[in-house]
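Here is how the chains run, residue by residue.
2 protein chains.
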Amino acid sequence: VVAASLGLTIDPRSPLPVYRQIADGIRQGLGEGRLQPGLRLPATRDLARALQVNRNTVVAAYEALGREGVVASHTGRGTFLVDPKEVPVPEPADPFAHAFARAVEGSKVASLLSVYRTAISGEGISFAGSFPAAELMPVEPFRRAMGAVLRERGAELLSYGATGGYAPLREAVAEGMRRRGSRVDADEILVTNGSQQALELVFRTFVDPGDPVLVEDLTYTGALSVLASLDARVVGVPGDEEGIRLDLLTRALERHRARVLYVQPTFHNPTARVMGEARRRELLALAARHGCIVVEDDWAGDLRFEGVEVPTLHALDGGSRVVYVSTFSKKLLPGLRVGWVAAPAPVLERLVALKQVADCGTSPLLQAALHRFLADGGLDDHLRRVRRTYRERRDAMLAGLARHLAGQAVWTRPEGGLFVWARLLHGLDATALFGEAAARGVLFSRGELFHAEGLARDCLRLTYGGVSPEQIEAGLAILGQLVGARERRPEVAAAEWDAVPIL
Amino acid sequence: VVAASLGLTIDPRSPLPVYRQIADGIRQGLGEGRLQPGLRLPATRDLARALQVNRNTVVAAYEALGREGVVASHTGRGTFLVDPKEVPVPEPADPFAHAFARAVEGSKVASLLSVYRTAISGEGISFAGSFPAAELMPVEPFRRAMGAVLRERGAELLSYGATGGYAPLREAVAEGMRRRGSRVDADEILVTNGSQQALELVFRTFVDPGDPVLVEDLTYTGALSVLASLDARVVGVPGDEEGIRLDLLTRALERHRARVLYVQPTFHNPTARVMGEARRRELLALAARHGCIVVEDDWAGDLRFEGVEVPTLHALDGGSRVVYVSTFSKKLLPGLRVGWVAAPAPVLERLVALKQVADCGTSPLLQAALHRFLADGGLDDHLRRVRRTYRERRDAMLAGLARHLAGQAVWTRPEGGLFVWARLLHGLDATALFGEAAARGVLFSRGELFHAEGLARDCLRLTYGGVSPEQIEAGLAILGQLVGARERRPEVAAAEWDAVPIL
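One line per chain: the protein sequences are C and V, in this order. Those letters in the first sequence? Residues 823 to 1325, by the numbering used here. Those letters in the second sequence? Residues 823 to 1325, by the numbering used here.
Chain C on its own, in the form it takes in the complex (with noise of 0.2 Å):
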């Protein structure tokens, strides 16, 4: 009776729900005028009797309705049949006007791309940056590696693979780890297409919107993008020539109650400088102390050309409360796309479930042919290749920079990675200067792009990474004219500097 008054019948051959036949029959009987609005529905433990079906099927039903806006419900009174009004909204001209998520229209976001492009456009002598040089590839034996796992095991290769990545890969990533004092297993490895996507995932795992996330002043591009899409309050804390400063970092996990601090120890992009290990253990000490994990960006601790190596934050802290990223890409092979993160299990889970979301995975593919290179030895051999080219190039630089630039800027000494940084004297403008080098045929980075707040006009980074000694020769020369010819002309300069905020 009950069911019948509402015209309700369930099709057993249908491919439908229960539940929804339900809610489709009474929203019918809406429709077509025999049910009215204002009508209280039965309760759902007769109807459920009524159909012979299960009491959580009617609710289900009447729930699914309460969403379209079919039927309200009101505590103690029951459920009831509404007449909907309609609302017509207006077509907009342009469909995407207005459409856009608040967090990607930031000009951060769009910054890394610009930078990107700047970088890879390949046209004159280019400083920009932080590539390593093509001619060094080890393009043979990585064609010998890929040709192999292909026929020994394509098809395997070529399907899906684990989340998590190439179990042969992280074996030997963990392993690589392990030799720099790491403590860390296969399991803790995840797999990522670059140091890029590493950050994104870790980020977003540790970042609600409006969260403080603790970064130096001066600090990877990349990950302030990354931060500023995710809307993180980002707190720039400054560093002295060994990196972040401990005690700015104090007030600033006392002041900010920051839960994440992200940090480049060595070879500190963009400044190339390195911290020592006396203050990696304040560090650590003081993160533990404030409760704050660290994400340790190590993306250039292979490329140490001279001097002795520092142990990294997570060797130092035994993996307990650092998240480390690092890359193959800076040391082999860009194209490859494969980087990693290593971190505890539980923060592990978490960044591989959040790895399906974002891609289902890393080529299995790539992460085999970069497993059979390693294992025929190939990165030992091309590590040793490369250091010494960069050895060169950064000795190659610093003669330049003291011929072309002295006087007019300075600039740090790096022992390893891929860039020299310099900040320009007598108050010059490396943004106005990037457009005349440009100009010129000359590129390279601009420090603002690497300030949390954007300052740092006055400095620039030089990338001697991908760049012969020659090309380093022709290329601080023009610099070292534009910014001599700056200087001769100070009243013109002046003027510009009083109508541009420079800082």
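None of these hints come from the bench; they were simulated from the model. Some hints could be false.
Per the computed footprint, the stretches of chain V lying under chain C, defined by three or more beta-carbons under 8 Å from a beta-carbon of chain C, are [claimed, not checked]:
hint, stretch
1, 919–926
2, 1013–1024
3, 1277–1284
SDA-like mimics (lysine to any residue), calculated; alpha carbons at most 20 Å apart, straight line [unchecked claim]:
hint, chain 1, residue 1, chain 2, residue 2
4, C, K1153, V, E978
5, C, K1153, C, A941
6, V, K1153, C, A977
7, C, K1153, C, I942
8, C, K1153, C, R1000
Quick reminder that beta carbons are idealized off the backbone N, C-alpha and C, glycines included.
Knowing the structure of chain C, use the given hints to seat chain V on it.
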């Protein structure tokens, strides 16, 4: 005098920016007791003149000190040194306790990984996952294509590439879409790591936390996971045998004012249904009327083995309101992890910026090898083979279902794609069946995983794509036995049902 009173000097040889030197000098004075808390700092104009620097440099120094808590500014009175209180923070036992972001803690984010792990486990007879047949993969032609591109331009392809994708592949993808009626150019294509990343980037571009997003109430688990990770408000709209119901979609558009609708019009995952052309046109008109963007997921459009092709929404719409997502994973090689988005220029620009932030671009090497394979005509050959095989397997599955589950379940009859959708009759629960079947070595996908609210527990998805006809017969025989055994114990089943909230 002014500068001297603060004890400030600018070191022109320091690599620190000048504003930073000023800020550091003031902080140091406070730390050493030379400057007292409460001291009013000089006006920026006066200090700039005294130090012979730009006034903006001093402003930047004061602002930096403000952010660091060293000074406080009071409008109309000036800037004062403050004495920050120390706020000790106790160290928690587990550094990662309560450290995770809200959005990634939801079960929906983890559920995709759990589904995927089941699907790739490769044990027993698997109707789970929507995977193509591994034994049909064109491994050898792909290996030749990979070898050729590595020989011809290995160094270029192992370097960083364009963020939007390898230009020849973008052109090939656009050309393929044009052959199916779309108006689209290569620069409206973004190459992604499979369609999973395509969906992630698209939803991140349009969805802020809390935004409503309309989906088919049964839909792709991976899309639900992305939306959960973005903290979107997912509104499931029921469908019928032809897909999403437009009367309910109208109501949902009116009630929720959603900007984004996500649909799979062709071989919908999980039901395999196809939306007819008339409904597609009405859906587009409805979306236009409400200013709603349509995200069309066409992961299986090439996998039709029967019946007549229906134009994509993108083709019908002229590419003006539809953001189109597809992939080479299902039709070709999942292990490449190559998919794409097609979108109008203003959308694509933002997608590319976000792709840069996400991972700096998909491996150029994989893209070039795929492009070479396509240019050699490999895809057409492959599609001819797999379509024939999938039709045979579909037939085997329909026959097996009729043999073993007639009267126990109803199911769809797909004209393409990789799976059949079935609903168990007599109140049987697919989630309970899943455990029993797994214990007998037979896997399938539970219906609830595809439902926006976790309903459809009476349903299951059975993939025939990667299983031989013999395995299909054997697996369905086991499912038939298990379902039959359940039905023969109605009183036990009823008791179980009362205990378990099934909907």
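Verification of the hints:
Using a Cβ-Cβ cut-off of 8 Å, 6 residues of the stretch 919–926 of chain V lie near chain C, which meets the minimum of three, so the contact claim holds. Coverage of a stretch by a chain is defined here by at least three residues with a beta carbon nearer than 8 Å to that chain's beta carbons; for the stretch 1013–1024 of chain V and chain C the count is 6, and the condition holds. A count of 4 residues in the stretch 1277–1284 of chain V with a Cβ less than 8 Å from any Cβ of chain C is obtained; the coverage claim is therefore met, three being the minimum. For a cut-off of 20 Å, the pair hint linking K1153 of chain C to E978 of chain V stands: about 16 Å separates their Cα positions.
With a CA separation close to 17 Å, the supplied pair K1153 of chain C and A941 of chain C stays within the 20 Å bound. Between K1153 of chain V and A977 of chain C the CA atoms are separated by roughly 14 Å; this keeps the pair inside 20 Å, and the hint holds. Using a Cα cut-off of 20 Å, the hinted pair K1153 of chain C and I942 of chain C holds, with the two alpha carbons roughly 17 Å apart. About 18 Å separates the Cα atoms of K1153 of chain C and R1000 of chain C, which keeps this hinted pair within 20 Å; it holds.
Every hint, counting from the list given before, is met by this structure.
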